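Trainee: Heads up: the protein sequence lines correspond to chains A and B, in order. 1 is the number of the first residue of the first sequence in this note's numbering; add one for each residue after it. 1 is the number of the first residue of the second sequence in this note's numbering; add one for each residue after it.
Calculated from the structure, these hints are not laboratory results. This one's a predicted model, so the numbers in the text were calculated from it and none came from an experiment. Each residue gets a CB set at the ideal place from its N, CA and C atoms; glycine is no exception. Hints may contain errors.
[Claimed, not checked] Covered stretches of chain A, going by a simulated chain B footprint (3 or more residues, C-beta under 8 Å):
1. 77-87
2. 91-97
3. 109-119
4. 138-148
2 protein chains.
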Amino acid sequence: MALVSSLTPVFVAVLCVVIAFVLRSFQKTKTTSKPDSKSTREARPWVDEDLKDDTEISSKDNEDDEWVDGGEEDLPHVPYTPTRYPPEEMLERSQQFYSLLNQRRSVRFISPEPVPRSVIDNVIHAAGTAPSGAHTEPWTFVVVAEPETKHKIRLIVEEEEEINYRQRMGDKWVKDLERLRTNWVKEYLDEAPYLILIFKQAYGILPDGKKKTHYYNEISVSISCGLLLAGLHNAGLVTVTSTPLNCGPQLRLLLRRPANEKLLMLLPVGYAAANATVPDLKRKPLDDIVVHI
Amino acid sequence: MALVSSLTPVFVAVLCVVIAFVLRSFQKTKTTSKPDSKSTREARPWVDEDLKDDTEISSKDNEDDEWVDGGEEDLPHVPYTPTRYPPEEMLERSQQFYSLLNQRRSVRFISPEPVPRSVIDNVIHAAGTAPSGAHTEPWTFVVVAEPETKHKIRLIVEEEEEINYRQRMGDKWVKDLERLRTNWVKEYLDEAPYLILIFKQAYGILPDGKKKTHYYNEISVSISCGLLLAGLHNAGLVTVTSTPLNCGPQLRLLLRRPANEKLLMLLPVGYAAANATVPDLKRKPLDDIVVHI
Chain A
1 MALVSSLTPV FVAVLCVVIA FVLRSFQKTK TTSKPDSKST REARPWVDED LKDDTEISSK
61 DNEDDEWVDG GEEDLPHVPY TPTRYPPEEM LERSQQFYSL LNQRRSVRFI SPEPVPRSVI
121 DNVIHAAGTA PSGAHTEPWT FVVVAEPETK HKIRLIVEEE EEINYRQRMG DKWVKDLERL
181 RTNWVKEYLD EAPYLILIFK QAYGILPDGK KKTHYYNEIS VSISCGLLLA GLHNAGLVTV
241 TSTPLNCGPQ LRLLLRRPAN EKLLMLLPVG YAAANATVPD LKRKPLDDIV VHI
Chain B
1 MALVSSLTPV FVAVLCVVIA FVLRSFQKTK TTSKPDSKST REARPWVDED LKDDTEISSK
61 DNEDDEWVDG GEEDLPHVPY TPTRYPPEEM LERSQQFYSL LNQRRSVRFI SPEPVPRSVI
121 DNVIHAAGTA PSGAHTEPWT FVVVAEPETK HKIRLIVEEE EEINYRQRMG DKWVKDLERL
181 RTNWVKEYLD EAPYLILIFK QAYGILPDGK KKTHYYNEIS VSISCGLLLA GLHNAGLVTV
241 TSTPLNCGPQ LRLLLRRPAN EKLLMLLPVG YAAANATVPD LKRKPLDDIV VHI
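Could you put together the complete structure from these sequences and hints?
Mentor: See the structure below:
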């Protein structure tokens, strides 16, 4: 008994080391096997679901990793002489451009009146002139005019948005939203004559079936969306910029887009409703956004 | 002694529970405090350096997490009646907009001729009308005209770019680049009358000093850059879209921008040089980028 008692500290020490080792191994396995999906799940809950579509893609491929200056392919060069304007005309054109775009607002009240499809096509064609990483042009614009599909989109968006509000987001997000009038009823998804869903192509498929990374696809497609928004406004149409949380995979399947495409934005498009209103917000003055050196 | 011995199992059990608790807490702290920086380091080598600027910011703040439909603050609503055009005029305007933008190209040969600063200001003012997540307007446009600062920027960009080419990037990246004429000599950074460096504000600072997450700041600023590119082209100016790898922190410090700002793009701006050439590349036809449903 005395022997057992004197051995107790040794036994305790050995047991502790064994337990510590087991616990550490367990934790290590847990952290090294899934660090990205874990952190992704915490940081971007809805992206995680989208990743199920292409588990072969490494996070390196899936992230926007490298940007190559736009449009410099290994092609013969040709002279380029863009239109030049005298200084006064430049000034006037730049002033008019600002005045035009400064009238643009995000509008949730969209008239169901029909809009010529060729106008939408022209604006998308213009959006497709955006620069892109290594000239990959990694965008697909899905234009939905069919009422039934629009309604299915609405149901998907509203359902997921309600879940987001109620469950997924932290206090901070909900608190930020409280300041906003946003709610998860999106009538405009039925009413707008067109819904434009903009997909970014995370990678391309080469003729041999291999995947080709699209560097900086999200930035490229966002730039393209900038041109799209300018073009819609220039044509007298309105929209509201939205990125429906968590809906990417469902909407991708509904619209039968391939697995390399991820939803970036959803824009309801049409004329402003006759009684359209917008929040009375202001934009920052120029001096708050520009710094001269 | 017998009492002590009979208590040994209890003692061991208690000790084990305490050790397990301590170890678990330790691991938990470790995994919750830094899992993202680990995965970020693996997935995006150069972003990691940038994160050194603001280690207090969690990755949740730093990622583009949530987007709120643009411009819907908790403000009184006012009527909004944007200009409407008859269908023929809409069609013509949309066609002209496409024709204008389709003439834009990324140009590396920029004339050193001076350009009126007010033109640049107008174009930036227009870019600042972009929608942004929760109307945060998370952009800063730094316009560099001073030759010495331009040259410092060139040195930073060229040095980092050479390192990227030679060391950091995998075989795939280098192979992709071989197809491109890009190299790390960037004369245009000295020659262009202006360099516009566009920073995204990852978060804002509230009056009480607390940080306010800027949801979807990267997408918002990229949209704004789309408007900027359209505005520059509309004024008869050229640029080439670039995102200098790894240079963000150095350029931020050089330009004395605060820690919440991250470099997104660097645009050299001016007239096209008289002998400017561009690669003879084509854009995808409309049918390749649009799907109608």
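Trainee: Compare the structure with each hint and give your call.
Mentor: Verification of the supplied hints:
1. 77-87: Contact hint for the region 77-87 of chain A vs chain B: holds, 10 residues under 8 Å.
2. 91-97: holds (count 5)
3. 109-119: holds (count 5)
4. 138-148: holds (count 8)
Against the hints set out earlier in the document, no violation occurs for any number.
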